[in-house]
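Line by line, the protein sequences give chains A and B.
Numbering of the first sequence is given in our numbering, commencing with residue 1 and proceeding in unit increments.
Numbering of the second sequence is given in our numbering, commencing with residue 1001 and proceeding in unit increments.
Note that these hints are calculated values from the structure, not bench results.
These numbers come from a predicted model, not from an experiment.
Wrong hints could be hidden among the right ones.
[As the list claims (entries may be wrong)] A short list of chain B residues far from chain A (calculated; beta carbon distances all over 10 Å):
1. Q1021
2. K1029
3. G1030
4. G1072
5. S1076
6. D1118
7. S1135
8. K1147
9. R1169
10. S1199
[Said to hold, decoys possible] Simulated pairs of lysine-lysine, DSSO-like, Cα-Cα distance not exceeding 30 Å:
11. K1061(B) to K76(A)
12. K141(A) to K123(A)
13. K208(A) to K1147(B)
14. K1029(B) to K208(A)
15. K1065(B) to K1189(B)
16. K1010(B) to K1027(B)
17. K1029(B) to K1147(B)
18. K1200(B) to K1065(B)
19. K1125(B) to K1183(B)
20. K1183(B) to K76(A)
21. K1147(B) to K76(A)
22. K76(A) to K25(A)
23. K25(A) to K208(A)
24. K1065(B) to K1147(B)
25. K74(A) to K1027(B)
26. K1125(B) to K74(A)
27. K1200(B) to K1061(B)
28. K1027(B) to K1065(B)
29. K1160(B) to K1147(B)
30. K123(A) to K25(A)
31. K1184(B) to K1027(B)
32. K123(A) to K74(A)
33. K1184(B) to K1065(B)
34. K106(A) to K25(A)
35. K106(A) to K1125(B)
36. K1061(B) to K74(A)
37. K1183(B) to K1061(B)
38. K208(A) to K1027(B)
39. K1184(B) to K1147(B)
40. K1065(B) to K1010(B)
The beta carbon of each residue, even a glycine, is placed where N, CA and C say it ideally should be.
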Amino acid sequence: KIQIFCHQMSILQHNGSSVIAMAGKNCVAIASDTRFGIDAQTIAFDFSKVWQISDKLFVGLPGLLTDSQTFSEKLKFRVNMYRLREEREMSPRVFSNMVASLLYEKRFGPYFVEPLIAGLDDKNEPFISGMDLIGAPVLAKDFVLAGTADEAMFGMAESLWRPDLSPEDLFEVISQTLMSAFDRDAISGWGAVVHVITPDQVITRTLKTRQD
Amino acid sequence: MDSLIGITGKDFVIFIADTAQARSILKMKGDEDKIMVVDESKMFAMAGDTGDRTTFCEYVKRNLKLYEIRSGLTLSTHAAAHWTRRALADALRQNPYQTNLLLGGWDEESGASLYYLDYLGSMHKMPFAIQGYASNFVLSIFDRYYKEDLTVAEGLELAKLCIAELNRRFLLAQPDWAIKVIKKGENGKASLEVIVPASK
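Bound-form chain A, shown alone:
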């Protein structure tokens, strides 16, 4: 008997990506892999899925990369307009609500992205949130993650995360979590970029990883 398998990939697995955000003591970190691929083929290895929205606010947009690019442009536009009208920065909590709202507007024809938001509010309190592609939010105290290696990242994050991590420790924890997880995923990986946001500065580091 001959069995023929036809493997249909979901649209969220067309490009492949992994993003994770974690909270520490007065700091947050957000990291993503840097693979740009189409189905099984890798086109480039310097495509980060994390965009900087303002000084201390970052958004990660894993999923279908055309929608990540379109949606990040939409978000930047909205934040810029807010800044012009209100003459102040949009806080992470408000930004998160806006993202959820924008996604739900397309409830029956959604953007294929699963956003993660990481930032420090104006009192330098850490804020992270994540949501699904139609805007169902999760406000976590520890970490949020999304992408094709999400299950692998969950295991790593649960084991490694602990409260009140310093910026250096947070960097180590988030990097090890992301790398170990995407090493087990065929369609994400090929390099990683990590942003650690503290009240004084944002440190961006690129990780040397397995190039496969």
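Position chain B relative to chain A; hints supplied.
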């Protein structure tokens, strides 16, 4: 299947495209020019559904020209690529264009740049890029031999390697290729040179 190769080097972008126009198993035309010149500083290499690719690229070309007429400014490659990406992304959920593109050009601000755009509207700036089945054969050749700041001659040597590999191993390899270069001319502006024309 369309094979398009783009290479950037020191102040130039080379595009190499096969010249076959197919319908199912029939080769309709052997001298199709798949490299559309937008203006003397940028060009498209177009792959995909025949009607869509020429229509879409004409549409982009005309709009970029309109912008130039209205504002007196020629858009940079970066701006043109983002405009194109947005056009593809906006059309995606209504009447998608089945066309994969490479956009390459030279300008004062960023030198030579090459953008890979797929039909969904994902865009990425890359030093070299390939569309079509050719990518399966040729990406690894670039990984091995490509380096920063190639000269035009070195770029063309690399192109020869790629074409030789395709002719040897690709089932649907085409004998004829068109090659165009946009580079920084003597007067400091971009200039286009047709190295191998599509129709002979």
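Hints and how they fare:
no.	hint	in the structure
1	Q1021	holds, 24 Å
2	K1029	holds, 28 Å
3	G1030	holds, 28 Å
4	G1072	holds, 26 Å
5	S1076	holds, 17 Å
6	D1118	violated, 6 Å
7	S1135	violated, 7 Å
8	K1147	holds, 16 Å
9	R1169	holds, 16 Å
10	S1199	holds, 31 Å
11	K1061(B) to K76(A)	holds, 27 Å
12	K141(A) to K123(A)	holds, 16 Å
13	K208(A) to K1147(B)	holds, 20 Å
14	K1029(B) to K208(A)	violated, 47 Å
15	K1065(B) to K1189(B)	holds, 18 Å
16	K1010(B) to K1027(B)	violated, 36 Å
17	K1029(B) to K1147(B)	violated, 35 Å
18	K1200(B) to K1065(B)	holds, 29 Å
19	K1125(B) to K1183(B)	holds, 17 Å
20	K1183(B) to K76(A)	violated, 34 Å
21	K1147(B) to K76(A)	violated, 35 Å
22	K76(A) to K25(A)	holds, 27 Å
23	K25(A) to K208(A)	holds, 26 Å
24	K1065(B) to K1147(B)	violated, 34 Å
25	K74(A) to K1027(B)	violated, 43 Å
26	K1125(B) to K74(A)	holds, 20 Å
27	K1200(B) to K1061(B)	holds, 25 Å
28	K1027(B) to K1065(B)	violated, 33 Å
29	K1160(B) to K1147(B)	holds, 16 Å
30	K123(A) to K25(A)	holds, 13 Å
31	K1184(B) to K1027(B)	violated, 36 Å
32	K123(A) to K74(A)	holds, 26 Å
33	K1184(B) to K1065(B)	holds, 21 Å
34	K106(A) to K25(A)	violated, 36 Å
35	K106(A) to K1125(B)	holds, 29 Å
36	K1061(B) to K74(A)	holds, 25 Å
37	K1183(B) to K1061(B)	holds, 19 Å
38	K208(A) to K1027(B)	violated, 46 Å
39	K1184(B) to K1147(B)	holds, 19 Å
40	K1065(B) to K1010(B)	holds, 27 Å
Hints 6, 7, 14, 16, 17, 20, 21, 24, 25, 28, 31, 34, 38 from the earlier list are contradicted by this structure; the remaining hints agree with it.
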